[in-house]
Structures are given as C-alpha cells and as structure tokens.
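Engineer: Go by the hints and put chain B onto chain A.
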Amino acid sequence: MSGVRVLVGTRKGAFVLASDGKRESWEINGPFFAGWEIYHVNGSPADPNRLYASQSTSWFGQLVQRSDDGGKTWEPVGNQFQYEGVPGTHQWYDGTPHPWEFARVWHLEPSVGDPDTVLAGVEDAGIFRSTDGGKTWQELAGLRCQDSGSSWQPGAGGMCLHTIIVDPSDPDRVFVAISAAGVFRTDDGGKTWRPKNKGLRSGSIPDEDAEVGHCVHRLAMHPSRPNVLYMQKHWDIMRTDNGAESWEEVSGNLPTDFGFAIDVHAHEPETIYVVPIKSDSEHFPLDGKLAVYRSRTGGNEWEALTNGLPQKDCYVNVLRDAMAVDSMDECGVYFGTTGGQVYASADAGDTWAPIVRDLPAVLSVEVQTLP
Amino acid sequence: MIRVVLPAHLRTLAKVGLEIEIEPAGLATQRSLLDALETRYPVLVGTIRDPVTKARRPFVRFFACEEDLSHDSPDTALPEAVVTGQEAFFVIGAMAGG
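The listed protein sequences derive, respectively, from chains A and B.
For the first sequence, position 339 matches number 923 in the working numbering, and the numbering has no gaps at all.
For the second sequence, position 89 matches number 1060 in the working numbering, and the numbering has no gaps at all.
Any given hint could turn out to be false.
[Claimed, not checked] Which chain B residues stay away from chain A? Per the calculated CB distances, all over 10 Å, these:
no., residue
1, Val975
2, Thr1000
3, Phe1030
4, Glu1037
5, Glu1051
6, Glu1058
[Stated by the list, open to error] Here are the simulated DSS-like cross-link-like pairs (lysine-lysine), alpha carbons at most 30 Å apart as the crow flies:
no., chain 1, residue 1, chain 2, residue 2
7, A, Lys606, A, Lys656
8, A, Lys719, B, Lys1025
9, B, Lys1025, A, Lys873
10, B, Lys986, A, Lys596
11, A, Lys596, B, Lys1025
12, A, Lys719, A, Lys775
13, B, Lys1025, A, Lys656
14, A, Lys862, A, Lys596
[Said to hold, decoys possible] Chain B side only, calculated, beta carbon under 10 Å to chain A, not exhaustive:
no., residue
15, Pro978
16, Thr983
17, Leu984
18, Val987
19, Ile991
20, Thr1010
21, Pro1013
22, Val1014
23, Leu1015
24, Thr1018
25, Ile1019
26, Arg1028
27, Pro1029
28, Pro1045
29, Gly1064
No lab work stands behind these hints: they were computed from the structure.
Don't be surprised by glycine CBs; every beta carbon is placed ideally from N, CA and C.
With the rest of the complex left out, here is chain A (with noise of 0.2 Å):
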C-alpha cells in the first residue's frame, strides 16, 4: 500500500488530505466548493481516482461532482434525483401528512466492482442509484413505496436516509438506514425492501419495540462477515449476528451509549470503535473530555482510547459520517469534529494526532488505502 487518502465534507467544503503509509505527514488539499455544505465524499473501490461528492446549499439545491483522477479536478454531473411516480406523504413532525420532497443527498455508496455505479441516500428518505458514473439517477422506489413508509418521521436533522451497505459477497443484498425509520434491507437488488428493526427498543416512541420509527444513527459491517452488522442508535449500541433479523445491545459499560458514529477495524471484525456523546440535547463529550471507545470483543467490553485527544474544555460533536478506518497493516483509525478537527490514529486507536485542526464544521469523513 503507497499510502491513504482522507475524503472530508465540511459544511463550507470538501479536502482531501493525503499521506504515505507512515500517516505522520499530511498534505491538505482544499477546499474544494468553498462555500458549499459536502455532506459526503466517497471513493470508488473499483477505482481509487474515481471519486462523488455531494454538494448542497439551502439557496442554490443540490449537485454532484465527480473526480477521475483521485480529487485534483472534479465536473459536476447530474443533480435530478426525482421519486417515482406520485411521491406520496409521509409523517410530519406534528403527526400530519408531509409530501416528500427532495432535500439533499447525505451519502454516496460506490459499487464494489463498477466505477460508475453508485446509490446515493437521500433527504426525504429515499435511495437512488446511477450506473452511468452520476449523470442520471433512478430510484428505487420500492423502499418507499414499501408499507411503512407513510408513516415514517423525519428525525431532528431531517427525515435523511444516511447509511448505505452493500453485502460485499452479494450485491443484491442492501442494508440501508433512515432517521428516525430504522434499518431496511433488500435482497433482491432494491425492488423490494422489509424493516429489520427486531430488538431494537426506542422509549421515545409510543410502541418502544415498533417495527418502523427508531432513530437509527449509523450502521457499520466487516466486509468479511456480512452477516454482522454494528449500530449506533439514538441511544444503545446494538448488533445483529443474522443480518438484521434481530439485534442485541451491546453498550455494556460505555459511560453513555448516546453517540452518531460507529466503525469496525480493518482486519479484527470484533474490534469496533464509537465516540459516545453526553446526550441528545447535549451533543458533546461527556466532561468536556474527547474518547474514542474500543471494543475488541464485538462490543459490551469497552476500553476509552483517549492518548493524544483534548482531554479538558473539548464540547464538539462527531456526526454519524464522520469516522472512517483504513486497511492498511496497522489499521488506521480517523474522525473529523464540529470543531473543524480530524483527528487519526496510525496505530488502531491507541493514539491520536490532529490531522489538521481549524477546517469547517465536519459533516463526513472517509478513508481511501492507495494501492
């Protein structure tokens, strides 16, 4: 491996910060659409100088660009995400019904085997895909469509479908997670999708153990076990050994299982990372003190990994997009702030330094190994 490249989104734009395989020297590259909120920059698997970014602002809607040569020059593609037919309503925050209407795209999800195949999850919750590298996008429809989705509820940040997974040993096979929806998967390429929210408990909604209406943060799987699957609630961290038929919490002695990112080791499946957070209406680490916690039994046994990150005065929030892992043969470890920090680590969490420390707001971060 030659070295890793970092992707950020930002709420004032995207870098690219880049090293060799030591990770100790960066070079920062950016901003790239200054001025934009990134949402997410994401990396081809099949082709590492292929890279999207999503691009959105309140006034001017939304764009996707696109790099073919690993970030130095990007082209805008194509920006029509349009529902199928009538989109329908689903739940207002009040309860009313709402028309869904396009917001954003929060993540783009590249195919394992085709640069120019990609799914993009979208506000309001939904998910599109292009296999003509982004200039056009076609929904599938059936996640919507799909029984439950009139009575979806947008979470506080919006009714996003936030994290897309793509069963490496089947491609058919997709989880997906919507706030405050929960967990979907398909088996059949996205025609058809099923709520697989089994175990999860939520007290803020009226049937804690509903089928539909959990506040799904993030999901997080180890290409090598498909079958596994790690989230972050809203609160609980929970897992599912059966690919979402039912899930366990797995908070065990986390000091709070509040928390939006969750990531799994490049090459130890049982060795998980999160970033608890003091509460939903306080979105900062508890004490002031900034931890990455580790667990290297699939979780409940948790280890704070607190070697090099501000451990007095640091009331930042890490969001559900910004944590990411390398392959290298000492797994990387990396995690951007609402403070403009990304943090890494060279050695699997045990100690940390700022990559850079002063970027905008970090909405999104993700990890290219270089061949």
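Structural biologist: For chain B alone, kept in the frame of chain A given last:
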C-alpha cells in the same frame, strides 16, 4: 440580448464572469430567459429553479430596474430596459442565515 448577473456561487459553477449575455427565444420573460440560460449552462439546471416544476427556489430572488420581480408570473414580459440591455437582470441568493 439580456444582461444577466449571477450570484458568486453560480458564477463559479458556470465558470463565467460577473455578467453574461443571454438571448431568450421569443418573448423575453423570466421563463424564456432562464430556459435559455440553462440551455447554455446546463450545470445551472436545478440551482435557480426546481428542475421539474420550474418554480423559483425559495432563497433565490430576481431583481431588475430596482424592482423585485421574484413574485411576477414567469410568463410576464421582462421590463423594456432589461430587454434592450440598459439594465441587467440580477439573480440573487437571498440573505439568510443570521
């Protein structure tokens, strides 16, 4: 030929300077002007108007001749001073955000 001034973010996207000249087809209206603008600069499709309904985006305004034309019908003829090029047609990103 109608002089159009775009906001900074859209000038960057379209790779144009402060002012561009657009020739709408037929009667010069907001609709025909924006149709011609989007034909010449496809990257602007969806940034000023909804790409399907063609409704003006909520935080975008249209000014000309010291008037706010944002709420005019898109099929109303543009002011004569805009059509003759004496005055520019301004696409504005509304001040918002505190």
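Engineer: So, for every hint listed, does it hold in this structure?
Structural biologist: To see whether the hints hold, each was checked on the structure:
{"no.": "1", "hint": "Val975", "verdict": "holds, 15 Å"}
{"no.": "2", "hint": "Thr1000", "verdict": "holds, 22 Å"}
{"no.": "3", "hint": "Phe1030", "verdict": "violated, 4 Å"}
{"no.": "4", "hint": "Glu1037", "verdict": "holds, 22 Å"}
{"no.": "5", "hint": "Glu1051", "verdict": "holds, 29 Å"}
{"no.": "6", "hint": "Glu1058", "verdict": "holds, 24 Å"}
{"no.": "7", "hint": "A/Lys606 - A/Lys656", "verdict": "holds, 22 Å"}
{"no.": "8", "hint": "A/Lys719 - B/Lys1025", "verdict": "holds, 20 Å"}
{"no.": "9", "hint": "B/Lys1025 - A/Lys873", "verdict": "violated, 49 Å"}
{"no.": "10", "hint": "B/Lys986 - A/Lys596", "verdict": "holds, 19 Å"}
{"no.": "11", "hint": "A/Lys596 - B/Lys1025", "verdict": "holds, 27 Å"}
{"no.": "12", "hint": "A/Lys719 - A/Lys775", "verdict": "holds, 22 Å"}
{"no.": "13", "hint": "B/Lys1025 - A/Lys656", "verdict": "violated, 33 Å"}
{"no.": "14", "hint": "A/Lys862 - A/Lys596", "verdict": "holds, 26 Å"}
{"no.": "15", "hint": "Pro978", "verdict": "holds, 8 Å"}
{"no.": "16", "hint": "Thr983", "verdict": "holds, 8 Å"}
{"no.": "17", "hint": "Leu984", "verdict": "holds, 7 Å"}
{"no.": "18", "hint": "Val987", "verdict": "violated, 14 Å"}
{"no.": "19", "hint": "Ile991", "verdict": "violated, 17 Å"}
{"no.": "20", "hint": "Thr1010", "verdict": "violated, 16 Å"}
{"no.": "21", "hint": "Pro1013", "verdict": "holds, 9 Å"}
{"no.": "22", "hint": "Val1014", "verdict": "holds, 5 Å"}
{"no.": "23", "hint": "Leu1015", "verdict": "holds, 9 Å"}
{"no.": "24", "hint": "Thr1018", "verdict": "holds, 4 Å"}
{"no.": "25", "hint": "Ile1019", "verdict": "holds, 7 Å"}
{"no.": "26", "hint": "Arg1028", "verdict": "holds, 6 Å"}
{"no.": "27", "hint": "Pro1029", "verdict": "holds, 8 Å"}
{"no.": "28", "hint": "Pro1045", "verdict": "violated, 18 Å"}
{"no.": "29", "hint": "Gly1064", "verdict": "holds, 5 Å"}
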